[in-house]
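Enquirer: Each chain, written out:
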Amino acid sequence: MLDQAFEALKTYDWGADPNLLKPIDDAIVASHGNADLRGQLEARLAPILTTESSRDAKDFVCRKLMAIGTASSVAALAKLLPQAELSHMARYALERLGVIGVPEARQALRDALAGLSPELQVGVIGSLGVCRDEASVPALAGLLSAADAAVARAAALALGDIRTQDAARALATMDAGATAVGSARTDAMLACAETLLAGGNKAEAMTIYKSFTSENQSKHVRLAATRGMLACAGKSE
Amino acid sequence: MARRPKSSRHKSTRREFLKTAGAAIAVPYVITSNALGNADVPPASDRIVMGGIGIGNMGRGDQGAFLGRSDVQYVAVCDVRSGFREAGKTKVDDHYKNKDCASYNDFRELLARPDIDAVHIATPDHWHAIMVIEACRAGKDVYCQKPETRTLREGPLMIEAARRYSRVVSGGSQRVLEDYRALVDQCWGGELGPIKSINVNVGPLSQLCNLPAESVPPDIDWDLWLGPAPWAPYNPARCDGNFGTGGGSWRSYIDYSGGGMTDWGAHHFGGATFAVDVRELQPEEVVYHDENGTRHLTFRYPNGVLLHHNRPNAGNLQVEGTPGEKRPAKPVPSYKGDGGIYGDFIHCVKSREKPFRDIALAVNTVAVSHLGIIAYTLHRSLKWDVATQQFPGDEEANRLLDRARREPWQL
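In order, the protein sequence lines correspond to chains L and G.
Heads up: the first sequence begins at 1 in the numbering used here, then just goes up one per residue.
Heads up: the second sequence begins at 1 in the numbering used here, then just goes up one per residue.
It is worth saying that the hints were derived from the structure and are not from the lab.
Note that CB positions come from ideal geometry on N, CA and C, so glycine has one too.
Just to be clear, a hint being listed does not mean it is correct.
Unchecked claim - Here are the simulated distance ranges between beta carbons: (1) L/7 to G/95: 52 to 62 angstroms; (2) L/85 to G/208: 11 to 21 angstroms; (3) L/172 to G/329: 25 to 35 angstroms; (4) G/217 to L/51: 28 to 38 angstroms.
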């Protein structure tokens, strides 16, 4: 049954019966706790990404590698990051691997950044943020001044996910620029301030909050900043 | 000169600022009779300016409810289907007898309007988190249809955004208080004694969609409909908004919905957790049962209450109390203001109170659905750490906390 499913995967495409691939899902469930069995499944799935199989088939493989992939699959997934049709599904697996702490996955996302089109860079930036990858802060800081506003915005939001002191300091130097980017920077800085405050760094949190109290800020931003300052001072409303 | 005590003056200014800062106050330059209001209609400055995002099956109902309120000024609709968008605009224009309602394809344009105070969201589930968070960032209060989240990671981020900007964010299950009221009164009234357990029967789980490709019709922005979900070719059954969960609707498919587990689960788990008073909690364990192919779950709450899912031979919302141990009655939380869950939201937009289905309570409810889906997917029991929002030491389950979003979308 499993062999038949892998055979079906070779010609799988939109419109095919997804139940043809169910034995692969069943095998994944059955391999829980058995690293060898799971490794064998992974070793059969990952190479499909380098074949002429359809986009749909590779989509399926990426979904399965999201569930069972390890460092062994990172190289095959990383090769898809520059491909417009498959970059997202490569991240579908790599992001989750990065989140559970597979260092090769995070490195692959970092390594891919510089060579991607702005459209695909935005995705990888987002995934690095989700991974809370502190090692990518310098690279993301550099992208805050990207000519492409979407890239700059994504970098701001990602630094807001990472929320370290270095992330906050990088955001502080960012030119706010266009509204969508400015809003992202604001939110990211407020997120950093919350985390800094929770970690006991009241001084730096207060500095951030104070920077958002001017009259040219929106009411809801000033409100957030004011409440933050009260929290820094140990007071409530 | 006598000085007022600094602390009381400072406190008053701060409290006043915090109470009023969240409400937009519109003062038109030309004072029209509409703006002045009358005995039945508040002046413009007292009306909540609203827009709607997602004007399909549920969105039309939400729109009608808000549009019918004299304390709401409905000014904009947004939908990626031009037919829904135009119908939504027509409904508003007919109501106000003008042509003033704006219509948008892209929700970001609606959220960018500084005159809009609040939005209602009724898009497919995979969009909810992004839109709620962006709305909060834009300073809007939000009414979001259930199920409010598509993954476990989304919930805390939505709560965070709401709290950061002091936004009123209400989830959207009117059934929790309205459909299950008799059970709620019975449980909260104390006659059943300490509650041991409650059962919910709901399903199924959503499935992978692999429908064949068809030409994209001109009336839908397919790329924007998909949004953060994986790219797939257009097929009408993939994006149909009918309420089925067995195929042929977006509610059936894993990239957009959790299936019946989240769609009706938001109602039934919501009603159940409210009835047995655990809606402020999340389970700390999910026990998976497979009895000769009959699968069901038991969620264990920190206070010992059990929530069963699809327990064999148990009815939906069947409660197990402690006969003979009557307890004092507790007052049942209810909607504020008039007009059901919609009135509750509008009341809270004005008063800045938390609504009946505050986003934190909504997240707790739908978390039950998501935990259940993960247990069924992995065919085993799970432990859940509410504080860290992780499955402790369970890498396999932690992979399923979220899914990577398609560029350019991120939370």
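Enquirer: Okay, which hints does this one fail, numbers in order?
Expert: 3
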